[in-house]
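Can you make the complete structure from the sequences, with help from the hints?
Protein chains in written order, with the working numbering: chain A, 4 to 292; chain B, 14 to 428; chain C, 9 to 321.
If you're looking for bench data, these hints aren't it; they were derived computationally from the structure. Hints are not guaranteed to be accurate.
[Stated by the list, open to error] Subject to a maximum C-alpha distance of 16 Å in a straight line, what follows is the list of computed EDC-like cross-link-like pairs (lysine to aspartate or glutamate):
hint : chain 1 : residue 1 : chain 2 : residue 2
1    : B       : 232       : A       : 6
2    : B       : 319       : B       : 379
3    : B       : 235       : A       : 188
4    : A       : 124       : B       : 208
[What the hints assert, rightly or not] Covered stretches of chain C (chain A as the covering partner; in silico rule of three or more C-beta atoms under 8 Å from a C-beta of chain A):
hint : stretch
5    : 90 to 103
6    : 115 to 124
7    : 127 to 133
8    : 256 to 268
9    : 292 to 301
By construction, the Cβ of each residue, glycine as well, lies at the ideal position given by its N, Cα and C atoms.
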Amino acid sequence: MPEWLTTVLFLLVNGLVWGLIIALIAVGLSLIFGVMGIVNMAHGDIYMIGAVIALTLFPYLGNFWLGLLIVPLIIAAVAIPVERLVLRPYEGHYSVTMIATTGISFILQQVILATYGGIPKQMVNPWPVTFNLFGVAYEGYRFLIAAISILILMSLWVFLYKTSYGILIRASIQDRDMASAMGIDVSRVLMTTFVLGSILAAVGGVLAAPVTQVFYLMGNDVVLLAFIVVIIGGLGSLAGTLVAALGLSSLEGVMSSVLTPIQSKAGILVVMIIILMFRPRGLFGEREG
Amino acid sequence: MKRVTWGIIFVVAVIFCFITVQSVFAQTKKGPIKIGVVAEKTGGQAAYGYSHEKTIKAAAARINKTGGIAGRQIKIFVEDTESKPPVGALKFRKLVETYGVDFVLDSNNSGVAVACAPIAKELKTPYFPSSSATELSGDKGNRYVFPSCPLVRGEAKGAAKYAIKHIGKKWVTVVANYAWGWSCEEDFKKYFTEEGGTVLATIRVPMGTSDWLPYLKGKIPKEAEGVFFANWGSDFLSFIRDLYAVRPDIKKFGANYALAGQDIKKLGPEAEGLYCLTPYPTRLEGLNTKSNIAFRKLINIDAEGKEGGTGTPFVLAYNWAMWEAMYTLKAGIEKSGWQGKEDTPKLIKALEGMQFKESIEFPQGDNQIRAEDHQRAIAGLYVEQVVKGELKVAGKIPGEDMVYPPLVDYSKEGF
Amino acid sequence: MEKKPFLSFFVLSSLLILVLLGFVLPSGVRSLVIQMMIFSIFAMGYDFSFGFTNQCSLGHSIFFGAGAYGAILFILKFKLGVILSLVIGMGIGFLLAVILGLICVRLTEAYFVIVTAIIASVFHLLAMDMTWLTGSDDGLTVTLPTISFGFTELSLYQPMVNYYFVLFFLILTYLVLNKMLKAPLGKIFVSIRENEKRTNFLGYNVFGYKLIAFVVSGVFGALAGGLYALTLRYASADYFSFYWSILPIVWCLIGGLGTLVGCWIGVMLMSLFQYYVSAWFTYYLLVFGILILVILGVSRKGMLGYLLSLRSR
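And the structure:
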């Protein structure tokens, strides 16, 4: 195979792996956005906290996988009171939630800076196996991330589309007032959604920790990409988010084989604007934003 | 409603009175010599600011214990640049205008240093940055600016000479995609080519990139023997990990900073054999002199370069330059008889061309300030190498290899 | 309306104080106040869009940076005068605002917020990349020429001149924006803010009015950016960063949305906060985050808005 072809294929596969992590985070963001009307600027910081907790607990637990199970519990414990006490009054008012979550973002970042410090740290690779992928000694762990992400997304799909509770959540995305009028305990749905969305982001952080550097500002890039994905995919559409995440990551990966990185990022933006021109609600957008 | 408005105005007036009194008080009081520090306490370079602040304060404490400068005690004022140039510039002004400092030290961030340089001239305050931006001894500097550490051009020149002699002839460069990275890339390429080598490809990667595979895969020609890289912090970690996946055999040579603050033991096989430029060896055994032992003890770092007490790797890239800057100032003030702002031109003239000997005040080695561009000609650079998970000094680059003709002549500049 | 006399009183007394302060302030405080005045211009422009037509843009750093670079580049490369460069900076801001507005204004609230943020971040990336133009993160420093008025020459390097130069633009901005809001235009804005659908049904071109609000706020954002760059004699790619997009929102929210001048309080609080608290508490952003939450908890309309609403009870 000619060199350029292996490069392109490699970048495609690599892009898909990253796309799955972004998908996890973006789906969480989309849920929070769609069901609760919260523009969660702190979503990237939840991802960061997931990674930081995993890194901090690792010496005590000795096992990466245990961390993966414990982090969601910790996040849930924190997310519930935050949603109930801080964010509840603003839900539905996008601009206000954006500012409130920016405040939360500052708090989270500074707390981590003050305690964990400003130096990026590396997490040990829990599965140090490599496979030869198109001439690169590709970390087996990255395939594992992909597999776990797919597993989580599939479970999520089952939850949202096959269980009664999941249907309640989707109903709330479509029309909250109607759902409330039909006797659904909206308060519980809101709380569950926020916890679910946050857990997805945090788990994304834990999974990403061994392949990226854990640092108090690591959420900023991720949140940007997540928002782009949610916009392009369309608010309230999980399928759209997934397609957009995978598509964009692969596209950016392939583009950077010929363009410079900045040009690739700008290219993604152009794609976004074009899509918005033709479909102002994103590819699969359902809800009135 | 008038009452509320008056209330607000009253509160504002009180606040302003407070600020006014504080700054007027700060300016009329004579006595201690006030030195300001614009450090990166938060933001991407927080670890550097921490190291520099600690080192400067240690120097001040030692000077004060032995009688101060010309009999006057030193008072240090530290402000946070947040690793952002506009904030740094603002804090520089604040230090001079509100606190009335006579001199300003630090910022490792080239953007901050470049932004503060003209302000130093405007406010007639000598400035000693710890940034290595070549332009600070060039078109972005001025007569009030004294860059305290080796600059990129000099480092790249020395590195190029060493690289072609000891490592290989065909190279690739990989740099962080901002001004410092570009400087490293351009200067290395220029001098390396002059020495007879070839740079086959130049790769630029944005800061904060966690996945470098798209930038490296398929971009490094098979004939490339070595890669000269300029990145640090989390970028460095991602870089060596992904480079190892693509080209495990290639030799790596890093510009200054790459290993600063890193825990060598945790780097793994991807760092094995890696070379890194540094003006100051991380481990004591690299520079086992009496002065250095004493210096390290005073700033409380152990033989491995870790902070005493916490065990965290201490950033040693340029903090020594801040230590030396404090003593440079002391020497300059005492030589010129500086007493206040009016004497600053005398002080500057005294510093231009001043020479310093290796001592506890100047642990890095002999050095001097070049009169034309205020550049610090230092004793040379070290090339550290990761050997079996430990940092060893593989070689030295003599000071003469770093010298290049000055880009400006400040002695023609007025005050 | 009871609101008006209070606000006018507030504005007049504040401006009077500012005029007087210019003569007595020591230099450190003066620099701070100049900065506050520049930010107030930025904030007023932002309130014009957010407070009066509910368009919460997260991309105003584009205008701030464009105004800054417009002013600096035209002095640096084309050797134009200070005021002309400032005006050109505003012109660039205007063009960008029109283009951006055409893309974004028609989007629904949530999309608008996010898309403006994304576009701003790409501008930031481009600014960081195009060193030849922007000097990237290291930025561009400039030596300012003097401003000649025929009978006299003024140099911005004189702190007093700098102070009154900025104050002049602050007053100008207030007068222009206030005039626009008092005109029928302003009433339509309020109507759009209260009920966009109904305004639409009444036959008004809502999109057009929203676009005007957005463009005007962009122009004044550029003015603020230009003044900031002139005062610091420096522009950097950092001016396009997200931080500058968030700040106006915080100012307006703390001070009072939809009051045009309430944001002055927000600017003052935030600037004092950053100036002083950051000296003795490194992690002042933490306190700031808590402050945001507390203020939002008390009233979504910000402090001045809260006071006003107390009044009308």
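Quick rundown of the hints versus the structure:
1. Proximity of residue 232(B) to residue 6(A) is assessed by CA-CA distance (about 10 Å); at most 16 Å being required, the pair is judged to hold.
2. Straight-line distance between C-alpha atoms of residue 319(B) and residue 379(B) comes to about 25 Å, which puts the hinted pair past the 16 Å bound.
3. Taking the CA atoms of residue 235(B) and residue 188(A), the gap is about 63 Å. The hint is violated against a cut of 16 Å.
4. The straight-line distance between the Cα atoms of residue 124(A) and residue 208(B) is roughly 38 Å, outside the 16 Å bound, and the hint therefore fails.
5. Only when three residues or more bring their CB closer than 8 Å to a CB of chain A does the claim for the stretch 90 to 103 of chain C stand; here the count is 0, and the claim is violated.
6. Remark: the stretch 115 to 124 of chain C is confirmed as covered by chain A, as 8 of its residues place a Cβ nearer than 8 Å to a Cβ of that chain, reaching the required three.
7. With a cut-off of 8 Å between beta carbons, the stretch 127 to 133 of chain C has 4 residues touching chain A; three or more are needed, and the interface restraint holds.
8. A stretch counts as covered by a chain when three or more of its residues have a beta carbon under 8 Å from one of that chain; for the stretch 256 to 268 of chain C and chain A the count is 3, and the coverage holds.
9. Remark: the stretch 292 to 301 of chain C is confirmed as covered by chain A, as 8 of its residues place a Cβ nearer than 8 Å to a Cβ of that chain, reaching the required three.
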